[in-house]
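Visitor: Protein chains in written order, with numbering that gives the first Met the number 0: chain F, 0 to 411; chain V, 0 to 411.
To be clear, the hints were calculated from the coordinates, so they are not data collected in a lab.
C-beta atoms are modelled at their ideal positions from N, C-alpha and C, and glycine is treated no differently.
Errors might be hidden in some of the hints.
[Stated by the list, open to error] If you only want the chain F side, here are some residues facing chain V, beta carbon under 7 Å, derived:
| # | residue |
| --- | --- |
| 1 | GLY14 |
| 2 | SER15 |
| 3 | VAL16 |
| 4 | GLN56 |
| 5 | ILE57 |
| 6 | THR58 |
| 7 | THR72 |
| 8 | GLN75 |
| 9 | VAL76 |
| 10 | MET83 |
| 11 | ALA84 |
| 12 | HIS86 |
| 13 | LEU88 |
| 14 | SER94 |
Each chain, letter by letter, is given below.
Protein chains: 2
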Amino acid sequence: MPKLIIQKYGGTSVGSVERIKKIAGRIVKTHKKGTRIVVVVSALGGTTDELINLAYQITAAPSEREMDMLISTGEQVSVALLAMAIHKLGREAVSLTGGQVGIVTDTSHTKARIVDINTKRIKAELKNKKIVIVAGFQGVSPEREITTLGRGGSDLTAVALAKVLKADVCEIYTDVKGVYTADPRIVPEARKLSVLSYEEMLELASLGAQVLQSRSIEVAKRYNIPLHVRSSFLEAEGTRITKEVKMMEGVLVSGIALNKNEAKITICDVPDKPGVAARIFKEIASGNVNIDMIVQNTSRTGSTDISFTVEKTELSRATKVIKKVVSIVGAGGVIQDNDIAKISVVGVGMRSHAGVAARMFGSLGEAGINIETISTSEIKISCLIKKDKAEMAVKILHKEFDLGKKVKRRQS
Amino acid sequence: MPKLIIQKYGGTSVGSVERIKKIAGRIVKTHKKGTRIVVVVSALGGTTDELINLAYQITAAPSEREMDMLISTGEQVSVALLAMAIHKLGREAVSLTGGQVGIVTDTSHTKARIVDINTKRIKAELKNKKIVIVAGFQGVSPEREITTLGRGGSDLTAVALAKVLKADVCEIYTDVKGVYTADPRIVPEARKLSVLSYEEMLELASLGAQVLQSRSIEVAKRYNIPLHVRSSFLEAEGTRITKEVKMMEGVLVSGIALNKNEAKITICDVPDKPGVAARIFKEIASGNVNIDMIVQNTSRTGSTDISFTVEKTELSRATKVIKKVVSIVGAGGVIQDNDIAKISVVGVGMRSHAGVAARMFGSLGEAGINIETISTSEIKISCLIKKDKAEMAVKILHKEFDLGKKVKRRQS
């Protein structure tokens with residue numbers, strides 16, 4: 000059986016008629032080599048936001064079922080146009096909605112989870128030598144209600160199809176060349192990584208390097224699906240994401256991530272009693288506020304401070320919920336800080352090396368950058384610092400861990 | 000069982016967020032009276048043309064299957080928005096795509112015919128007291144491919160639903176108050192007709208009074224479904240279209256229609272032999288040119304002229320096809336005339352009255368308007384005249400047949 004590739008193109012890759020034609024050319028070129036191809040496409044750049052905006056002009060609280068009905072049209076438009084562009088190049092192609100493919104999800108509208116994918120239609124079309132173009136981001140519930148998978152859902156569609164179709168690789172096309180050791184706009188000597196582990200990619204994604212949706216990386220990791228993040232507009236290899244990365248040298252850190260879109264909330268003088276923290280976060284969760292870093296230090300006085308970060312867009316909603324909690328649990332008050340940045344070093348290498356934290360804190364300290372909050376995972380250390388020091392901190396850490404230097408890593 | 004109304008709103012009725020809100024208010028008001036309502040909606044004004052334009056930017060010959068995939072999104076957007084607007088007013092509503100309803104069509108993409116409608120889902124939603132909002136113009140083939148019903152297809156969706164659901168009435172909402180005796184922009188004293196027969200409406204529709212798609216009137220006629228053409232923005236009664244209209248007085252003519260969007264093509268010196276006309280129109284049909292009036296007079300010289308009209312937008316394509324035919328059948332040549340208007344008088348009354356033609360030709364002649372071509376049906380007489388005389392002719396005929404005068408007609 001010839002090689003099977005899943006290719007996913009994001010909104011910027013199909014942002015205009017010209018770009019759709021370009022993508023079509025690229026797909027046809029690969030198909031002529033005898034490869035079988037399933038393409039997953041997002042909505043034309045900006046379309047989803049325009050549709051959401053229309054809905055909010057109608058009502059402040061649109062029904063989630065109707066929201067899915069509305070925004071799923073975005074992908075339906077792009078798959079049809081891409082199929083036409085491929086036909087124009089003389090190649091057979093067929094576009095399919097999530098429902099036509101048979102991507103069955105649960106009924107959680109706007110954030111549905113895939114429960115099953117029927118592969119019959121796609122396999123039949125592939126057998127007829129057709130290029131199959133699937134509308135990303137969408138599925139249908141068992142009752143054939145249209146559902147969507149949440150932001151970045153097209154990545155998930157691609158990875159899930161790669162799994163059920165046993166694809167050789169899942170290629171994620173984007174407007175950057177791959178995953179970098181740091182944002183090249185901040186650190187000019189930042190290097191494109193040629194390979195990366197799922198774990199590292201997960202940490203980088205959740206830290207704001209928005210090339211790949213976290214849930215899709217989790218699925219790829221669970222089923223060991225090789226991912227390849229690469230540019231829609233260049234032929235060059237991008238970054239391959241695989242199971243485990245064998246280090247030829249002692250690489251500790253693979254990249255520096257920066258996120259300036261969060262704000263910090265601190266609840267002061269929280270009574271240090273069992274169940275209080277649980278009470279607080281239960282209230283926050285039921286207010287539908289997504290929180291990121293949570294930090295609480297040991298109490299020595301009978302009360303403690305609890306800090307956490309939220310997306311800036313959710314700050315006012317979060318503060319409202321929290322003010323309610325403060326009086327319920329008898330805490331001292333709430334402080335919010337809009338002026339922070341989260342900087343993180345990520346790398347599987349730090350699992351077995353203790354010195355990374357010391358080097359990170361040391362180099363920031365030497366540069367006079369104050370660390371306000373620290374949180375760590377097995378392969379990541381994140382610090383909150385003042386926002387105006389963010390770019391400087393990225394540069395310092397990139398240098399400290401020698402990330403500009405070419406190193407040899409290989410897939411296991 | 001409470002009354003069941005099908006309401007169809009066209010593109011201009013849902014042309015903006017404000018209009019969608021207004022329509023929602025109207026629907027809710029009726030629903031509060033205890034009426035069961037199924038609403039059929041077209042795409043937001045202009046959307047379908049925008050999508051078609053996108054397709055033609057990709058390729059000059061888009062696949063019809065992909066075209067349906069593309070343009071069916073227009074109605075999906077409007078049903079979702081209308082459902083949201085109804086929710087906002089505190090009423091339950093659910094939007095459904097053609098596929099979700101179970102509007103099954105044949106596989107003729109872009110001009111599919113409805114073969115079956117499953118009423119299960121709609122009936123269940125109506126039973127739950129929901130306002131059901133159906134995407135017009137679309138269906139699915141037995142293989143669940145998305146199809147569309149051709150221009151004006153939302154009218155057909157509405158009428159077909161009225162039939163299978165045994166609705167009490169099918170209301171067609173539009174931007175005019177109803178069907179008029181003539182275009183009120185030309186004849187200020189033109190009167191809104193309160194009732195009209197299916198036959199008359201059919202002739203008026205095919206003659207350019209674009210308030211209702213012809214196929215949908217045919218279906219309404221076949222199954223005797225009461226139609227009510229009325230304004231989206233006013234409460235007043237519009238025009239009711241029913242089986243037979245009993246005349247209280249001897250009404251001969253119910254309206255004057257004008258169509259300036261056609262051009263005339265004449266094939267000269269066609270050999271008067273059996274099979275030649277068939278050969279010509281077979282060729283034209285296979286060239287996918289839609290033709291309207293066909294006129295051929297008796298031959299007295301061994302050859303004859305054949306004239307017919309086509310939509311102006313199809314003129315260049317038609318001429319190309321016809322030039323080929325001319326040489327095949329050995330005709331003398333082709334003349335095309337862009338400068339014509341088709342004026343028609345319509346009325347069931349003329350079935351039993353011979354004098355209508357004489358009065359029509361006489362009054363036009365007196366005014367110095369030359370009649371180039373004549374064609375008649377049982378309840379209609381159409382003439383081609385010079386375009387610059389068109390408005391004058393409408394005024395003359397409106398007066399000749401006393402259409403400004405209020406007459407009593409009643410439904411049988």
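Visitor: A closest beta-carbon separation below 7 Å is what the hint needs, so does F:ALA84 meet it against chain V?
Guide: Given a least distance of 5 Å, the restraint on F:ALA84 holds.
Visitor: Does the nearest C-beta of chain V fall within a distance shorter than 7 Å of the C-beta of F:THR58?
Guide: holds (4 Å)
Visitor: Would the hint on F:GLN75 be counted as holding, given a Cβ-Cβ threshold of 7 Å to chain V?
Guide: holds (5 Å)
Visitor: Go through the hint on F:THR72 and say holds or violated, using the shortest Cβ distance to chain V against 7 Å.
Guide: holds (4 Å)
Visitor: Just to be careful: measuring from the Cβ of F:GLY14 to every Cβ in chain V, is the smallest value less than 7 Å?
Guide: Result: violated, 13 Å to nearest chain V Cβ.
Visitor: Given F:MET83 as an interface hint, is the shortest Cβ-Cβ distance to chain V below 7 Å?
Guide: Where the cut-off is 7 Å and the nearest Cβ of chain V is about 5 Å from F:MET83, the hint holds.
Visitor: Does the nearest C-beta of chain V fall within a distance shorter than 7 Å of the C-beta of F:HIS86?
Guide: holds (6 Å)
Visitor: Quick check on the hint: F:VAL16 CB to chain V CB, less than 7 Å?
Guide: holds (5 Å)
Visitor: Mind checking the CB of F:VAL76 against every CB in chain V and telling me if the closest is under 7 Å?
Guide: Holds, because the Cβ-Cβ distance from F:VAL76 to chain V comes to roughly 5 Å (cut-off 7 Å).
Visitor: Does the interface hint hold: is F:LEU88 within less than 7 Å of chain V, judged Cβ to Cβ?
Guide: Hint violated; F:LEU88 Cβ to chain V Cβ min 9 Å, cut 7 Å.
Visitor: Hold the hint about F:GLN56 up to the distance rule: shortest CB distance to chain V must be less than 7 Å.
Guide: Since chain V brings a Cβ to about 5 Å from F:GLN56, closer than 7 Å, the hint holds.
Visitor: Double-check F:ILE57 for me: the hint is only fine if its C-beta lies closer than 7 Å to a C-beta in chain V.
Guide: holds (5 Å)
Hint compliance for this structure: hints 1, 2, 13 are not met, and every other hint is.
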